[in-house]
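Those sequence lines, one after another, are chains A and B.
If you read the first sequence in full-length UniProt numbering, its first letter stands for residue 1, the second for the next number, and so on.
If you read the second sequence in full-length UniProt numbering, its first letter stands for residue 1, the second for the next number, and so on.
In short, the hints are calculated from the structure, not lab data.
C-beta atoms are modelled at their ideal positions from N, C-alpha and C, and glycine is treated no differently.
A few of these clues could be false.
What the hints assert, rightly or not - Selected chain A positions facing chain B (Cβ under 7 angstroms, derived; list incomplete):
1. Lys-12
2. Gly-14
3. Val-24
4. Leu-26
5. Leu-49
6. Met-53
Claimed, not checked - With a straight-line cut-off of 25 angstroms between C-alpha atoms, the simulated SDA-like cross-links for lysine to any residue are:
7. Lys-12/A - Leu-49/B
8. Lys-22/A - Arg-53/B
9. Lys-60/A - Lys-21/B
10. Lys-22/A - Cys-50/B
11. Lys-22/A - Ala-136/B
12. Lys-85/A - Glu-17/B
13. Lys-22/B - Arg-18/A
14. Lys-22/A - Arg-51/B
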Amino acid sequence: MKLERPVTIVNKLGLHARAATKLVELANMHTAEITLVHGDNEAPANSVLALMMLESSQGKTVNIICEGKDAESAMAAVVSLIENKFNEDE
Amino acid sequence: MIISDIISLDRTQCSVECHSKKKIFEIISELAIKQNPSLNQVDVLNSLLCRERMGSTGIGNGIAIPHGRIDGISNVTAIIVTSDHAIDFDAIDNQPVDIFFALLVPKEQAESHLRALAGIAKKLSNKDIVKAIRNAENKNEIVAALA
């Protein structure tokens, strides 16, 4: 199964190191291949370095692609993490 | 961001003898205040430790990017340290760390912080650069690998 959907980064600091690390932890819990696409750049969600290179700041929209057996739950988890500001205060 | 704008030979140290997480943070904060007497070493250390407590900055492959927000600096500043022995750092891949690319970032500058992280990530995702940093025998070779 392959799913794709856009999500807007809402936390103040954007996809910084700690946020990227949380995404990697989440990606490691799923078998689906998770990819973030921002403009012309894309990053596998299991690499902190690749995610930091996206330079996705507050207000930017990234496309989430999940492909694999548990794509549905992976997508739900990623969207929820981003929409909940990576559990940050602002 | 041009990486040479944020790194400096004075804030780079090669193959330090270090066996603990605590000691590496002390070394980083000592280097950080060189060339910048307005910085307080204890403030720098606390800022780095405070961030680290929120989650390890060990991002995998033996690399960590400790960082902290500092009042009173206007530009992103990097401190680079390699250690003789890899140190247990609770990294995301559970591997010990021997390359520390630390950053001091001005407060309230989310965009420049992200830009600096992206610039560093670009360098550290290049396997040849990481190999050159790891094999460097002195700080000149570390800076040359990143330039």
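Hint-by-hint comparison with the structure:
| no. | hint | result |
| --- | --- | --- |
| 1 | Lys-12 | 6 angstroms, holds |
| 2 | Gly-14 | 5 angstroms, holds |
| 3 | Val-24 | 6 angstroms, holds |
| 4 | Leu-26 | 12 angstroms, violated |
| 5 | Leu-49 | 4 angstroms, holds |
| 6 | Met-53 | 5 angstroms, holds |
| 7 | Lys-12/A - Leu-49/B | 22 angstroms, holds |
| 8 | Lys-22/A - Arg-53/B | 14 angstroms, holds |
| 9 | Lys-60/A - Lys-21/B | 35 angstroms, violated |
| 10 | Lys-22/A - Cys-50/B | 18 angstroms, holds |
| 11 | Lys-22/A - Ala-136/B | 32 angstroms, violated |
| 12 | Lys-85/A - Glu-17/B | 39 angstroms, violated |
| 13 | Lys-22/B - Arg-18/A | 20 angstroms, holds |
| 14 | Lys-22/A - Arg-51/B | 14 angstroms, holds |
Hints 4, 9, 11, 12, counting from the list given before, are not met by this structure.
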